[in-house]
Amino acid sequence: MSIPLPVFVAVPLVMAFLLPIAGGFGKKGKALATVLANLATVSLLVLAASSIGRPQVYQVGRWSIPLGINMVLDGLSSLVLLAVSIVSAAAMLFSARYMEQYTAKPKYLSLFLLMVAGMNGLVLSGDVFNLFVFLEIASLASYALVGFGCEHEELEAAFKYMVLGSIGSLFVLFGVALVYGNTGSLNMAYISKAIQSSQLNAGLSFALALFIVGFGIKAALVPFHAWLPDAHPSAPAPISAMLSGVLIKTLGVYALVRIVFNVFGVSIQIGWLLVVLGLLSMVAGAFLAIGQWDFKRLLAYSSISQIGYVVLGIGLGGLIMAKYNNLAWASLAILGGLFHLVNHAVYKSLLFLTSGSLQMATGTRQLRSMGGLAERMPVTRATCTVASAAIVGIPPFSGFWSKLILVIAAVQAHFYWVAAIIVFVSLCTLIMYLKVQRYVFLGELPENLRQTQESRGSMLVAMVFLACLCALMGLLLVPSLRETILEPAVKVLTGGVSYSADIIRMSMKV
Amino acid sequence: MKGMTVIVKTISSWVKVLIFLFGIYIVIFGHLTPGGGFAGGVILASSYVLLMLAFGREFVEKNLSLGVASKLDCVGALLFAAIALFGMAYGAASFFYNFLQQQYQYGQPLKLASAGTIPLSNIAIGLKVGASLFMVILALSTFRPNGSVEQKE
Amino acid sequence: MPYALCFLLFMIGLYCAVVKKNMVKIVIGIMVMEYAVNLFLIMLGFRTHGEAPIVGKEHIAGPAGQVSSLFINTSVDPLPQALVLTAIVISLGSLALMISICIRTYEKYGTFDITQIRRLRG
Numbered sequence: 013m014s015i016p017l018p019v020f021v022a023v024p025l026v027m028a029f030l031l032p033i034a035g036g037f038g039k040k041g042k043a044l045a046t047v048l049a050n051l052a053t054v055s056l057l058v059l060a061a062s063s064i065g066r067p068q069v070y071q072v073g074r075w076s077i078p079l080g081i082n083m084v085l086d087g088l089s090s091l092v093l094l095a096v097s098i099v100s101a102a103a104m105l106f107s108a109r110y111m112e113q114y115t116a117k118p119k120y121l122s123l124f125l126l127m128v129a130g131m132n133g134l135v136l137s138g139d140v141f142n143l144f145v146f147l148e149i150a151s152l153a154s155y156a157l158v159g160f161g162c163e164h165e166e167l168e169a170a171f172k173y174m175v176l177g178s179i180g181s182l183f184v185l186f187g188v189a190l191v192y193g194n195t196g197s198l199n200m201a202y203i204s205k206a207i208q209s210s211q212l213n214a215g216l217s218f219a220l221a222l223f224i225v226g227f228g229i230k231a232a233l234v235p236f237h238a239w240l241p242d243a244h245p246s247a248p249a250p251i252s253a254m255l256s257g258v259l260i261k262t263l264g265v266y267a268l269v270r271i272v273f274n275v276f277g278v279s280i281q282i283g284w285l286l287v288v289l290g291l292l293s294m295v296a297g298a299f300l301a302i303g304q305w306d307f308k309r310l311l312a313y314s315s316i317s318q319i320g321y322v323v324l325g326i327g328l329g330g331l332i333m334a335k336y337n338n339l340a341w342a343s344l345a346i347l348g349g350l351f352h353l354v355n356h357a358v359y360k361s362l363l364f365l366t367s368g369s370l371q372m373a374t375g376t377r378q379l380r381s382m383g384g385l386a387e388r389m390p391v392t393r394a395t396c397t398v399a400s401a402a403i404v405g406i407p408p409f410s411g412f413w414s415k416l417i418l419v420i421a422a423v424q425a426h427f428y429w430v431a432a433i434i435v436f437v438s439l440c441t442l443i444m445y446l447k448v449q450r451y452v453f454l455g456e457l458p459e460n461l462r463q464t465q466e467s468r469g470s471m472l473v474a475m476v477f478l479a480c481l482c483a484l485m486g487l488l489l490v491p492s493l494r495e496t497i498l499e500p501a502v503k504v505l506t507g508g509v510s511y512s513a514d515i516i517r518m519s520m521k522v
Numbered sequence: 005m006k007g008m009t010v011i012v013k014t015i016s017s018w019v020k021v022l023i024f025l026f027g028i029y030i031v032i033f034g035h036l037t038p039g040g041g042f043a044g045g046v047i048l049a050s051s052y053v054l055l056m057l058a059f060g061r062e063f064v065e066k067n068l069s070l071g072v073a074s075k076l077d078c079v080g081a082l083l084f085a086a087i088a089l090f091g092m093a094y095g096a097a098s099f100f101y102n103f104l105q106q107q108y109q110y111g112q113p114l115k116l117a118s119a120g121t122i123p124l125s126n127i128a129i130g131l132k133v134g135a136s137l138f139m140v141i142l143a144l145s146t147f148r149p150n151g152s153v154e155q156k157e
Numbered sequence: 406m407p408y409a410l411c412f413l414l415f416m417i418g419l420y421c422a423v424v425k426k427n428m429v430k431i432v433i434g435i436m437v438m439e440y441a442v443n444l445f446l447i448m449l450g451f452r453t454h455g456e457a458p459i460v461g462k463e464h465i466a467g468p469a470g471q472v473s474s475l476f477i478n479t480s481v482d483p484l485p486q487a488l489v490l491t492a493i494v495i496s497l498g499s500l501a502l503m504i505s506i507c508i509r510t511y512e513k514y515g516t517f518d519i520t521q522i523r524r525l526r527g
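Residue numbers (the numbering used here), protein chains in the order written: chain V, 13 to 522; chain X, 5 to 157; chain A, 406 to 527.
Keep in mind that a hint or two might mislead.
[Said to hold, decoys possible] In the DSS-like style, the derived pairs of lysine-lysine whose C-alpha atoms are separated by at most 27 angstroms in a straight line are:
#  : chain 1 : residue 1 : chain 2 : residue 2
1  : X       : K66       : V       : K119
2  : A       : K513      : X       : K6
3  : A       : K513      : A       : K430
4  : X       : K75       : V       : K39
5  : A       : K513      : V       : K117
6  : X       : K66       : V       : K117
7  : X       : K75       : V       : K119
8  : X       : K66       : X       : K13
9  : V       : K40       : V       : K119
10 : A       : K425      : A       : K513
11 : V       : K503      : V       : K335
12 : X       : K75       : V       : K42
13 : V       : K39       : V       : K119
14 : V       : K503      : V       : K521
15 : A       : K513      : V       : K119
16 : V       : K42       : X       : K66
17 : X       : K66       : V       : K39
18 : X       : K75       : V       : K117
19 : V       : K205      : V       : K335
20 : V       : K117      : V       : K40
21 : A       : K462      : X       : K115
22 : V       : K40       : X       : K75
[Said to hold, decoys possible] Label pairs and their computed distance ranges (CB to CB):
#  : chain 1 : residue 1 : chain 2 : residue 2 : range
23 : V       : L454      : A       : R523      : 32 to 40 angstroms
24 : A       : A409      : V       : K521      : 43 to 51 angstroms
25 : V       : K521      : A       : K426      : 56 to 64 angstroms
26 : X       : L70       : V       : A61       : 38 to 46 angstroms
[Said to hold, decoys possible] Which chain V residues stay away from chain A? Per the calculated CB distances, all over 10 angstroms, these:
#  : residue
27 : F37
28 : S55
29 : T115
30 : I282
31 : L292
32 : V295
33 : V391
34 : L484
Since the hints were made in silico from the structure, they are not lab data. Beta carbons: idealized from backbone N, C-alpha and C, even for Gly.
Start from the sequences, fold in the hints, and give me the full structure.
Here's what the structure looks like:
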């Protein structure tokens with residue numbers, strides 16, 4: 013029995029609107045609201061895990077395409093949906109305890125579930141205007157969540173994020189309008205068919221440029237990254253985990269990749285553009301992160317760098333497909349990029365959750381005022397070490413495998429200098445995380461931190477869950493797991509514009 | 005926020021009913037004439053904004069407080085979701101299905117009772133948008149121009 | 406030609422959002438950009454000597470109430486109008502959120518000038 017796809021959007025939306033009613037009953041209502049919200053995210057995780065390997069096209073309202081809107085679950089969508097569900101379940105579990113220090117908790121939970129609903133809808137959408145609407149739902153919810161604490165820094169960061177994010181969304185809407193004007197349809201499969209049968213005229217090329225800029229602002233690629241170093245530190249820790257772990261990946265990288273590979277078709281110039289953007293992000297993010305003394309700001313710059321890896325891998329795959337037409341080399345590069353996407357979602361969100369637990373225990377984010385917390389907070393220290401080892405790329409953790417695949421793919425396609433830059437940036441990542449470990453956990457315990465205690469309850473469960481996933485995700489390369497989870501996603505991207513024929517065929521069958 | 009003079013108060017208490025009725029008309033006839041849920045909801049909210057300008061914020065807040073408006077807002081959204089989910093009773097592949105029109109075909113085109121579930125969705129959206137815009141304007145009206153803010157609990 | 410003017414309006418809004426120093430002026434610049442995109446979207450559906458896409462009694466022909474081809478041949482494209490309705494709703498929500506952030510920032514910092522709201526640096 014296949015799961016009807018609107019469930020992924022309807023469950024968080026309905027729960028988001030039930031929570032203010034439930035939370036209006038006083039203290040018991042707030043506890044009930046937290047339980048309901050956690051139930052929603054855990055059930056989404058179960059549904060996402062059970063929908064792997066079953067691609068389907070769902071026509072909403074029984075209107076067949078191109079008259080109606082369809083929702084598509086193919087390999088790439090199910091991979092990203094799984095990553096979103098894992099991170100949102102862990103972050104919601106963490107925030108059950110962490111958000112006690114803020115007021116208006118039912119509103120926070122509603123906004124969180126709205127953001128999850130927006131991301132799910134974007135990943136499953138088969139129609140380009142529907143993608144824009146869910147992009148806006150998730151973005152608006154995240155602007156409100158970044159400024160949730162209403163302190164000085166949070167409001168400034170929220171305003172900056174909001175202005176840049178709105179400009180990005182407007183670029184995307186302008187691109188959608190141009191695409192509709194030139195092809196006459198809003199359905200991604202039909203747009204793709206129309207573009208393949210005619211060449212890219214000036215309007216469509218301009219629309220492609222607008223899409224790259226708009227989604228690049230959402231993904232925080234390097235010329236457009238100015239909002240990320242302010243927004244991620246100021247947000248509450250589970251929201252930073254969601255923003256850095258899944259939001260920039262679904263709103264930015266997934267949407268960009270879907271539009272460029274499946275709708276427009278990747279050419280040599282676009283492939284080079286993605287490779288250059290990825291390289292710039294990697295190098296700039298790593299250099300800027302080494303000099304930071306605020307823990308969360310360092311993690312935010314490190315996110316920019318790691319998203320550069322993902323875009324580099326996928327861009328390299330596209331470039332190889334367009335230039336050499338060698339599908340084996342291209343699918344290796346795309347496999348590295350997509351695997352790195354999923355890995356980064358898990359370990360970066362774990363790092364932000366540990367920074368949240370450190371902030372709740374010590375009250376500060378500055379590296380210089382922490383130290384020697386290894387004995388006082390053992391579980392936080394262990395999970396932070398696991399996540400740092402994974403992000404640096406130490407075997408057998410998951411980060412090592414994805415970086416190795418990227419280096420092998422670059423060397424195999426004779427891009428030696430790209431491989432050299434990947435290794436160099438990994439060394440920079442090693443430096444920054446050694447700095448974190450030394451200043452936070454080793455060294456002397458300052459006077460005012462003698463009484464810190466380990467975090468309790470749901471925060472520990474969430475961190476340990478993500479740490480176990482970090483350790484075990486390397487097993488995703490085992491052939492049987494790889495073929496069910498990772499390979500279908502790679503096939504969707506290397507198939508490129510045959511997406512349209514597949515979707516039309518699958519929708520006729522229903 | 006203080007109210008205005010006696011003339012404004014008298015006239016606006018007569019006019020607000022007309023505006024509210026006009027908003028309901030735009031919502032219900034949304035499938036026949038331009039308008040629909042969103043535009044009608046904005047007009048419904050603006051009748052309350054007229055009250056707020058004429059009588060002062062505290063008067064309106066006693067009448068329809070933020071908590072009640074928030075609950076109305078959620079009820080509107082849940083009603084919309086319920087209408088969409090009822091379509092699932094006709095098969096798993098029919099979320100948002102206009103079941104009243106396609107299965108039962110009651111009413112004829114261009115009459116009020118036609119087009120299936122579209123008027124019901126319009127009513128739910130009108131309720132939600134009206135309540136939300138009212139909450140937004142009520143919450144933004146606590147700002148005082150000299151930089152301090154009215155204390156609200 | 407009208408499309409180029411729409412794009413010019415979009416660029417004016419972008420200039421205002423990027424160059425100005427007052428927070429409220431930045432918000433107004435973003436709103437001008439939104440209007441430009443909505444205008445562009447509606448103009449896409451235009452047809453010369455077209456009529457509004459409202460089905461009236463004269464357009465119903467046939468026994469089962471089918472819409473006649475007179476309607477399809479004379480009306481403008483209704484799909485961009487539905488898209489613009491959605492985009493207007495989204496921009497309303499976004500405007501409400503931006504204004505409330507401006508108000509809260511004024512409470513905390515006492516100014517609307519973004520050159521003085523620079524606690525986050527580095």
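Evaluated hints:
Note on X:K66 and V:K119: the hinted pairing holds, with a Cα-Cα distance of about 23 angstroms set against a maximum of 27 angstroms. With a C-alpha separation of about 25 angstroms, the suggested pairing of A:K513 with X:K6 holds against the 27 angstroms cut-off. Of the pairs offered as hints, the one joining A:K513 and A:K430 holds, with about 19 angstroms between alpha carbons and a cut-off of 27 angstroms not exceeded. Between the alpha carbons of X:K75 and V:K39 the distance comes to roughly 17 angstroms, so the proposed pair stays at or under 27 angstroms and holds.
Between A:K513 and V:K117 the alpha-carbon distance is near 22 angstroms, which keeps this suggested pair within the 27 angstroms criterion. A hinted pair counts as satisfied when its Cα atoms are at most 27 angstroms apart, and X:K66 with V:K117 qualifies at roughly 25 angstroms. For the given pair, X:K75 sits about 13 angstroms from V:K119 by alpha-carbon distance, which is consistent with the 27 angstroms threshold. Proposed proximity of X:K66 and X:K13 is supported: the alpha carbons are some 17 angstroms apart, at most 27 angstroms.
A hinted pair counts as satisfied when its Cα atoms are at most 27 angstroms apart, and V:K40 with V:K119 qualifies at roughly 15 angstroms. For a cut-off of 27 angstroms, the pair hint linking A:K425 to A:K513 stands: about 21 angstroms separates their Cα positions. Only pairs whose Cα atoms come within 27 angstroms are accepted, and V:K503 paired with V:K335 is accepted, the gap being roughly 18 angstroms. With a CA separation close to 15 angstroms, the supplied pair X:K75 and V:K42 stays within the 27 angstroms bound.
Simply put, V:K39 and V:K119 have alpha-carbon atoms about 14 angstroms apart, close enough for the 27 angstroms limit, and the pair holds. Annotation: proposed proximity of V:K503 to V:K521 holds, straight-line Cα distance about 21 angstroms (limit 27 angstroms). At most 27 angstroms may separate the alpha-carbon atoms for a hinted pair to count; A:K513 and V:K119 meet this at roughly 22 angstroms. Our distance criterion of 27 angstroms between C-alpha atoms is met by V:K42 and X:K66, whose separation comes to about 25 angstroms.
For the given pair, X:K66 sits about 24 angstroms from V:K39 by alpha-carbon distance, which is consistent with the 27 angstroms threshold. Taking the CA atoms of X:K75 and V:K117, the gap is about 16 angstroms. The hint holds against a cut of 27 angstroms. Only pairs whose Cα atoms come within 27 angstroms are accepted, and V:K205 paired with V:K335 is accepted, the gap being roughly 22 angstroms. With a C-alpha separation of about 13 angstroms, the suggested pairing of V:K117 with V:K40 holds against the 27 angstroms cut-off.
Between A:K462 and X:K115, the direct Cα distance comes to roughly 10 angstroms. Compliance with the 27 angstroms bound is thereby established for this hinted pair. Straight-line distance between C-alpha atoms of V:K40 and X:K75 comes to about 18 angstroms, which keeps the hinted pair within the 27 angstroms bound. Distance hint check for V:L454 and A:R523: the Cβ-Cβ separation is about 34 angstroms, which falls inside the suggested range of 32 to 40 angstroms. The hinted range of 43 to 51 angstroms is satisfied by A:A409 and V:K521, whose Cβ atoms lie roughly 45 angstroms apart.
Look at V:K521 against A:K426: about 58 angstroms separates their beta carbons, and that is inside 56 to 64 angstroms. With their beta carbons about 40 angstroms apart, X:L70 and V:A61 fall inside the hinted range of 38 to 46 angstroms. The claim that V:F37 is not at the interface with chain A holds, since no C-beta of that chain comes within 10 angstroms of its own (minimum 26 angstroms). Listed as a non-interface residue, V:S55 keeps its Cβ farther than 10 angstroms from every Cβ of chain A; the least gap is roughly 27 angstroms.
The Cβ of V:T115 sits about 14 angstroms from the closest Cβ of chain A, beyond the 10 angstroms cut-off, so the non-interface label holds. With a least beta-carbon separation of about 23 angstroms from chain A, V:I282 lies farther than 10 angstroms from that chain, consistent with its non-interface assignment. Every C-beta of chain A lies more than 10 angstroms from that of V:L292, the closest at about 20 angstroms, which supports listing it as non-interface. Against chain A, the non-interface label of V:V295 holds: every CB pair exceeds 10 angstroms, the least being about 18 angstroms.
The Cβ of V:V391 lies farther than 10 angstroms from every Cβ of chain A, with a closest approach of about 30 angstroms, so its non-interface assignment holds. V:L484, annotated as away from the interface, keeps every beta carbon of chain A farther than 10 angstroms; the closest lies near 36 angstroms.
Checked against the numbered hints above, the structure violates none of them.
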